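Asker: Whenever a hint applies, use it, and build me the whole structure from the sequences.
So the sequence lines, in the order shown, correspond to chains A and B.
The numbers in this note's numbering rise by one with no breaks, and the one at position 185 of the first sequence is 185.
The numbers in this note's numbering rise by one with no breaks, and the one at position 64 of the second sequence is 64.
Wrong hints could be hidden among the right ones.
Said to hold, decoys possible - Rough simulated footprint, nothing fancy, chain A against chain B, three-plus residues with beta-carbon under 8 Å:
hint, stretch
1, 16 to 25
2, 54 to 64
3, 74 to 83
4, 95 to 101
5, 154 to 167
To be verified - Below are the SDA-like pairs computed for lysine to any residue, each with C-alpha atoms no more than 25 Å apart in a straight line:
hint, chain 1, residue 1, chain 2, residue 2
6, A, 211, B, 124
7, B, 54, A, 236
8, A, 463, B, 113
9, A, 116, A, 30
10, A, 37, B, 15
11, A, 423, A, 69
12, A, 463, B, 124
13, A, 463, B, 127
14, A, 32, B, 137
15, A, 423, A, 85
16, B, 162, B, 133
17, A, 295, A, 385
18, B, 162, B, 144
19, B, 54, A, 37
20, A, 32, B, 170
21, A, 211, B, 139
22, A, 116, B, 144
23, A, 37, B, 137
24, A, 32, A, 212
25, A, 116, B, 62
26, A, 37, B, 133
27, B, 54, A, 457
28, A, 32, B, 133
29, A, 32, B, 136
30, A, 463, B, 25
31, A, 423, A, 433
32, A, 423, A, 88
33, A, 376, A, 457
34, A, 37, B, 144
35, A, 75, A, 426
36, A, 116, B, 174
37, A, 32, B, 45
38, B, 54, B, 127
39, A, 463, B, 15
Because the hints were derived from the structure by calculation, they are not lab data.
Keep in mind that this is a model prediction, so the values were computed, not measured.
Think of the CB as a built atom: it goes at the ideal place given N, C-alpha and C, for glycine as much as any other residue.
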Amino acid sequence: MATQGPIPEIVDPMIDPRTGEYAVIAPGQTFKSVTQKIAGIVLTSNTPIAWMGGLFLAATVALGVVIAVTWLVLKGVGIWGITIPGAWGFAIINFVWWIGIGHAGTLISAILLLFKQTWRNSINRFAEAMTIFAVVCAGMFPLLHVGRPWLGYWLLPYPNTMNVWPQFRSPLAWDVFAVSTYATISVVFWYIGMIPDLGTLRDRATMPLAKYIYGMLSLGWRGSTRHWIRYESASLLLAGLSTPLVLSVHTTISFDFAVAAMAGWHTTIFPPYFVAGAVYSGFAMVLTLAIPIRKFYHLEDLVTLRHLDNMAKVMLATGSIVGYGYGMEVFMSWYSASHWEFFMMWNRMFGPMGWAYWVLILTNLAIPLTTLWSRKLRVNVGYLFFLSFVVNIGMWFERFVIVVTSLYRDYLPSSWGTYRATKWDYILFIGTWGLFTTLFLLFARLAPMIPMSEIRMMLPQTKVRPGGADAEAVAQEAL
Amino acid sequence: MPPREGVYGLLAEFNTPSELVHATEMAHRAGYRRMECYTPYPVEQAAEALRFHKTRVPLLCLLGGLAGLTTGSLLEIWINVWGYPLNLRAMPLFSWPAFVVPAYEMTILFAGLSAAFGMIALNGLPQLYHPLFNAPNFASGATTDKFFLCLEANDPRFEGAKTREFLEQFSPVSVVEVDH
Chain A
1 MATQGPIPEI
11 VDPMIDPRTG
21 EYAVIAPGQT
31 FKSVTQKIAG
41 IVLTSNTPIA
51 WMGGLFLAAT
61 VALGVVIAVT
71 WLVLKGVGIW
81 GITIPGAWGF
91 AIINFVWWIG
101 IGHAGTLISA
111 ILLLFKQTWR
121 NSINRFAEAM
131 TIFAVVCAGM
141 FPLLHVGRPW
151 LGYWLLPYPN
161 TMNVWPQFRS
171 PLAWDVFAVS
181 TYATISVVFW
191 YIGMIPDLGT
201 LRDRATMPLA
211 KYIYGMLSLG
221 WRGSTRHWIR
231 YESASLLLAG
241 LSTPLVLSVH
251 TTISFDFAVA
261 AMAGWHTTIF
271 PPYFVAGAVY
281 SGFAMVLTLA
291 IPIRKFYHLE
301 DLVTLRHLDN
311 MAKVMLATGS
321 IVGYGYGMEV
331 FMSWYSASHW
341 EFFMMWNRMF
351 GPMGWAYWVL
361 ILTNLAIPLT
371 TLWSRKLRVN
381 VGYLFFLSFV
391 VNIGMWFERF
401 VIVVTSLYRD
411 YLPSSWGTYR
421 ATKWDYILFI
431 GTWGLFTTLF
441 LLFARLAPMI
451 PMSEIRMMLP
461 QTKVRPGGAD
471 AEAVAQEAL
Chain B
1 MPPREGVYGL
11 LAEFNTPSEL
21 VHATEMAHRA
31 GYRRMECYTP
41 YPVEQAAEAL
51 RFHKTRVPLL
61 CLLGGLAGLT
71 TGSLLEIWIN
81 VWGYPLNLRA
91 MPLFSWPAFV
101 VPAYEMTILF
111 AGLSAAFGMI
121 ALNGLPQLYH
131 PLFNAPNFAS
141 GATTDKFFLC
151 LEANDPRFEG
161 AKTREFLEQF
171 SPVSVVEVDH
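Answerer: In structure tokens:
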């Protein structure tokens, strides 16, 4: 779409005249300027007041997690709104929502690396950080939902005096493996990616403590060419492994539903539709984070409108897949000729909680899928920021609709009930927003948010001309 | 092992990757083998000039993956068939399609950890001390914007003054002697 669209008449230095696309990186950057810009954010000794204020607010909200979990441990899961028939409530909704958000980070760092989409370099580090912090928030919910989280290790296969083992024919056991592998590989991939940049921070730090800590964390990285080749090889392999991993994680989560014989859950479209939804909400969250960060730290030269435009396009594509999923669900509930499926869909749309379905259609389909076609709106920073919230609300409601509407009115009318979340559900959920923001703010202050070594690779100065110094001088004169 | 003393090598600093690659290529043609380039981002042409092509990282990754697949499958089969057999919905005990997902995740987990830690181990990291960190211009440049070639003293062709002369013909910013 965009490449054929009208090229804006005003000459914008950020627009490449040959393609009419926004440049990935603003022109005129050097190895040094890029390094100074990114390392400066971390190594400066004066912490911005706004950052301190943000951290204070976020940490205050995160206290909600501490309070809610303490009360939960003291009283048990009865303080939540879960009951029969609605045995899965906020905990599962929030788990699926958070882990879905994390998936965009892996998509950006792994799948776009394999497809050689170099524009991803500017945003992959903080997208990966977002993945890890989202998995931290997500992982908490199933662990608390088991009722006695201090016995969470019972989920793992280990020889024990009870002589009991996990049952591998259940998707809930698969989940343990999928999510723990995902968390581990995401952390490793993130850390490996950071090693050269930690070396840069070590070399540029002036405070002895910072030099010491970054020096330890960088493992003594010195940029040797043989090291770089092995490093690149390991990065590519990790990307190749993370790609099927990220698809398998949300597929496995969708199996938690699809394997159960519940109307509205027992469907084969769930895996692709869950994965697309995960990427959709994840890109929305990347926008939610990237837009204020590029503004606050003046990173407009490195995270350009091209990035925002491309992310909006990915959202348009994945949002359309999600829309197809919704359409197919409605179609199949009619075409299956199953009384139960038909009732489930009718109840989902027009039952007592039908409003949630229409909120979801409005926020996930009606608003984004009509407006994202316009290039003007895709590069309108304010609009994208607004839209990123809209889509994340929509994706939360999608999980709410899936979890709640199938459960509260099942096959037997005598067992019907309803679902009402309690204040503890809300405190814990809102607390995880605070936890996520706290972790992200700490990351933005203490680690290089944008991978310096990968940005350097995108600069025109990296071109190697055969012949060395003489050829270089000729090329310089020609410029 | 006695403590190493004396000269580690000669370190030439360049401003551009082209100069570095050219100098490395010429050094290789002149017969130098024990040498290494240091760059702020991966420069593939430098690796070619060093004739360094193959890494064992992919092999380690494959072996790790196979180990993970074996561990995961055997664990599941042993538990569900022998260790703790349960008759669930009359499914066969060896219901292998259900075992695919955890075995697959274990494959990825082992392969990923092998690739990551294998890379670190093959690189000899963590190595917090290295003679090059003694060079005054190394730390400020190698991880920012400078390109270095180090000809190491244990190369049979290495002769202090001659090697320095050899390096200076590529008009580097500086040639520094690095001590252990």
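Asker: Would you mind marking each hint as holding or not holding in the structure?
Answerer: Results for each hint:
1. Evaluation of the coverage hint for the stretch 16 to 25 of chain B: fulfilled, as 7 residues show C-beta separations to chain A shorter than 8 Å, against a requirement of three.
2. Counting residues of the stretch 54 to 64 of chain B whose CB falls under 8 Å from any CB of chain A gives 4; the rule of at least 3 is met.
3. Residue count for the stretch 74 to 83 of chain B with a Cβ under 8 Å from a Cβ of chain A: 5. That meets the three needed, and the coverage hint holds.
4. Note: the stretch 95 to 101 of chain B has 4 residues with beta-carbon separation from chain A under 8 Å; the three-residue rule is met and the coverage holds.
5. With 0 residues carrying a beta carbon less than 8 Å from a beta carbon of chain A, the stretch 154 to 167 of chain B misses the three-residue requirement, and the given coverage is violated.
6. About 21 Å separates the Cα atoms of residue 211(A) and residue 124(B), which keeps this hinted pair within 25 Å; it holds.
7. Using a Cα cut-off of 25 Å, the hinted pair residue 54(B) and residue 236(A) holds, with the two alpha carbons roughly 15 Å apart.
8. Simply put, residue 463(A) and residue 113(B) have alpha-carbon atoms about 33 Å apart, too far for the 25 Å limit, and the pair is violated.
9. Distance hint between residue 116(A) and residue 30(A) is fulfilled; the C-alpha atoms sit about 22 Å from each other, no more than 25 Å.
10. About 20 Å separates the Cα atoms of residue 37(A) and residue 15(B), which keeps this hinted pair within 25 Å; it holds.
11. Using a Cα cut-off of 25 Å, the hinted pair residue 423(A) and residue 69(A) holds, with the two alpha carbons roughly 13 Å apart.
12. For the given pair, residue 463(A) sits about 29 Å from residue 124(B) by alpha-carbon distance, which is inconsistent with the 25 Å threshold.
13. Proposed proximity of residue 463(A) and residue 127(B) is contradicted: the alpha carbons are some 31 Å apart, above 25 Å.
14. As the CA atoms of residue 32(A) and residue 137(B) are separated by approximately 15 Å, the hinted pair is consistent with the 25 Å bound.
15. For the hint pairing residue 423(A) with residue 85(A), the CA-to-CA distance comes to about 20 Å; that is within 25 Å, so the pair holds.
16. For the hint pairing residue 162(B) with residue 133(B), the CA-to-CA distance comes to about 24 Å; that is within 25 Å, so the pair holds.
17. A distance of roughly 12 Å separates the Cα atoms of residue 295(A) and residue 385(A); the hinted pair therefore holds under the 25 Å criterion.
18. Between residue 162(B) and residue 144(B), the direct Cα distance comes to roughly 30 Å. Violation of the 25 Å bound is thereby established for this hinted pair.
19. Only pairs whose Cα atoms come within 25 Å are accepted, and residue 54(B) paired with residue 37(A) is rejected, the gap being roughly 35 Å.
20. For the suggested pair residue 32(A) and residue 170(B), the alpha carbons sit about 23 Å apart, so the restraint of at most 25 Å is met.
21. Restraint check: the Cα-Cα separation between residue 211(A) and residue 139(B) comes to about 12 Å, which is no more than 25 Å; the hinted pair holds.
22. Between residue 116(A) and residue 144(B) the CA atoms are separated by roughly 24 Å; this keeps the pair inside 25 Å, and the hint holds.
23. Taking the CA atoms of residue 37(A) and residue 137(B), the gap is about 21 Å. The hint holds against a cut of 25 Å.
24. Between residue 32(A) and residue 212(A) the CA atoms are separated by roughly 23 Å; this keeps the pair inside 25 Å, and the hint holds.
25. This hinted pair checks out: residue 116(A) and residue 62(B) have alpha carbons roughly 23 Å apart, not beyond 25 Å.
26. Of the pairs offered as hints, the one joining residue 37(A) and residue 133(B) holds, with about 24 Å between alpha carbons and a cut-off of 25 Å not exceeded.
27. Using a Cα cut-off of 25 Å, the hinted pair residue 54(B) and residue 457(A) holds, with the two alpha carbons roughly 22 Å apart.
28. Note on residue 32(A) and residue 133(B): the hinted pairing holds, with a Cα-Cα distance of about 20 Å set against a maximum of 25 Å.
29. Of the supplied pair hints, the one linking residue 32(A) and residue 136(B) holds, its CA atoms being roughly 18 Å apart against a limit of 25 Å.
30. Taken as a hint, the residue 463(A) and residue 25(B) pair is honoured in the structure, with Cα atoms around 16 Å apart against an allowance of 25 Å.
31. Simply put, residue 423(A) and residue 433(A) have alpha-carbon atoms about 16 Å apart, close enough for the 25 Å limit, and the pair holds.
32. A distance of roughly 16 Å separates the Cα atoms of residue 423(A) and residue 88(A); the hinted pair therefore holds under the 25 Å criterion.
33. Restraint check: the Cα-Cα separation between residue 376(A) and residue 457(A) comes to about 30 Å, which exceeds 25 Å; the hinted pair is violated.
34. The straight-line distance between the Cα atoms of residue 37(A) and residue 144(B) is roughly 12 Å, inside the 25 Å bound, and the hint therefore holds.
35. For the given pair, residue 75(A) sits about 17 Å from residue 426(A) by alpha-carbon distance, which is consistent with the 25 Å threshold.
36. Simply put, residue 116(A) and residue 174(B) have alpha-carbon atoms about 36 Å apart, too far for the 25 Å limit, and the pair is violated.
37. Among the hinted pairs, residue 32(A) with residue 45(B) is consistent with the structure: their alpha-carbon atoms are about 21 Å apart, no more than 25 Å.
38. In summary, the hint linking residue 54(B) to residue 127(B) is supported, as the alpha carbons are separated by about 22 Å, within the 25 Å threshold.
39. Of the supplied pair hints, the one linking residue 463(A) and residue 15(B) holds, its CA atoms being roughly 13 Å apart against a limit of 25 Å.
Hints 5, 8, 12, 13, 18, 19, 33, 36 from the earlier list are contradicted by this structure; the remaining hints agree with it.
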